[in-house]
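**Q** Sequence:
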Amino acid sequence: MISFKLKANIAQIRIKVYDIKGRQVRTIINNSVSGSIGEIIFNGLDDNNQKLRTGVYILLIEAIDDRGGASENLKAPVVIAAKLK
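Take 3 as the starting number for the sequence shown in our numbering and just add one per residue.
These are calculated hints, taken from the structure and not from any lab test.
Here a beta-carbon is modelled for each residue, glycine too, at the ideal position from N, C-alpha and C.
There may be inaccurate statements among the hints.
Below, computed lysine-lysine pairings styled on DSS-like, alpha-carbon distance capped at 25 Å [stated by the list, open to error]:
{"no.": "1", "residue 1": "18", "residue 2": "53"}
{"no.": "2", "residue 1": "53", "residue 2": "77"}
{"no.": "3", "residue 1": "85", "residue 2": "53"}
{"no.": "4", "residue 1": "9", "residue 2": "77"}
{"no.": "5", "residue 1": "77", "residue 2": "23"}
{"no.": "6", "residue 1": "23", "residue 2": "53"}
{"no.": "7", "residue 1": "7", "residue 2": "18"}
{"no.": "8", "residue 1": "77", "residue 2": "18"}
{"no.": "9", "residue 1": "7", "residue 2": "87"}
{"no.": "10", "residue 1": "53", "residue 2": "87"}
Taking CB as the label site, the calculated pair distances span [said to hold, decoys possible]:
{"no.": "11", "residue 1": "7", "residue 2": "87", "range": "33 to 39 Å"}
{"no.": "12", "residue 1": "56", "residue 2": "4", "range": "14 to 20 Å"}
{"no.": "13", "residue 1": "86", "residue 2": "34", "range": "16 to 22 Å"}
{"no.": "14", "residue 1": "7", "residue 2": "58", "range": "18 to 24 Å"}
{"no.": "15", "residue 1": "87", "residue 2": "34", "range": "34 to 40 Å"}
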């Protein structure tokens, strides 16, 4: 579960996941309307529904204010982990 808080009351958002080399591996949300506070579920799968490898990824949230057009970018590390056998 990933929670976020935006400056804009209403915004168009995109949420993408990148690997450590900067390659996009997943688009979670693409051009959806969101309020200033939101939560998403990221299940650790890539765009082909394959499990991502264990490691650190970068979550990028891009938001464009519906009223003023101001943009906001939020970046955060995300760790994909697995149970030890």
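**Q** Take the hints in turn and mark each one as holding or not.
**A** Evaluated hints:
With a C-alpha separation of about 16 Å, the suggested pair residue 18 and residue 53 falls inside the 25 Å cut-off, and the hint holds. With a CA separation close to 22 Å, the supplied pair residue 53 and residue 77 stays within the 25 Å bound. For the suggested pair residue 85 and residue 53, the alpha carbons sit about 14 Å apart, so the restraint of at most 25 Å is met. Taking the CA atoms of residue 9 and residue 77, the gap is about 14 Å. The hint holds against a cut of 25 Å.
Distance check on the hinted pair: residue 77 and residue 23 sit about 15 Å apart at the alpha-carbon level, within 25 Å; holds. About 17 Å separates the Cα atoms of residue 23 and residue 53, which keeps this hinted pair within 25 Å; it holds. This hinted pair checks out: residue 7 and residue 18 have alpha carbons roughly 16 Å apart, not beyond 25 Å. For the suggested pair residue 77 and residue 18, the alpha carbons sit about 10 Å apart, so the restraint of at most 25 Å is met.
The straight-line distance between the Cα atoms of residue 7 and residue 87 is roughly 37 Å, outside the 25 Å bound, and the hint therefore fails. Taking the CA atoms of residue 53 and residue 87, the gap is about 17 Å. The hint holds against a cut of 25 Å. In this structure, residue 7 and residue 87 meet the distance hint of 33 to 39 Å, their C-beta atoms being roughly 37 Å apart. Against the hinted window of 14 to 20 Å, the Cβ-Cβ separation of residue 56 and residue 4 comes to about 18 Å, which satisfies the hint.
For residue 86 and residue 34, the Cβ-Cβ distance of about 36 Å falls outside the hinted range of 16 to 22 Å, so the restraint is violated. The hinted window of 18 to 24 Å between residue 7 and residue 58 holds, with their beta carbons roughly 23 Å apart. Taken as a hint, the range 34 to 40 Å holds for the pair residue 87 and residue 34, whose Cβ atoms sit roughly 38 Å apart.
Comparing the model with each numbered hint stated earlier shows that hints 9 and 13 do not hold.
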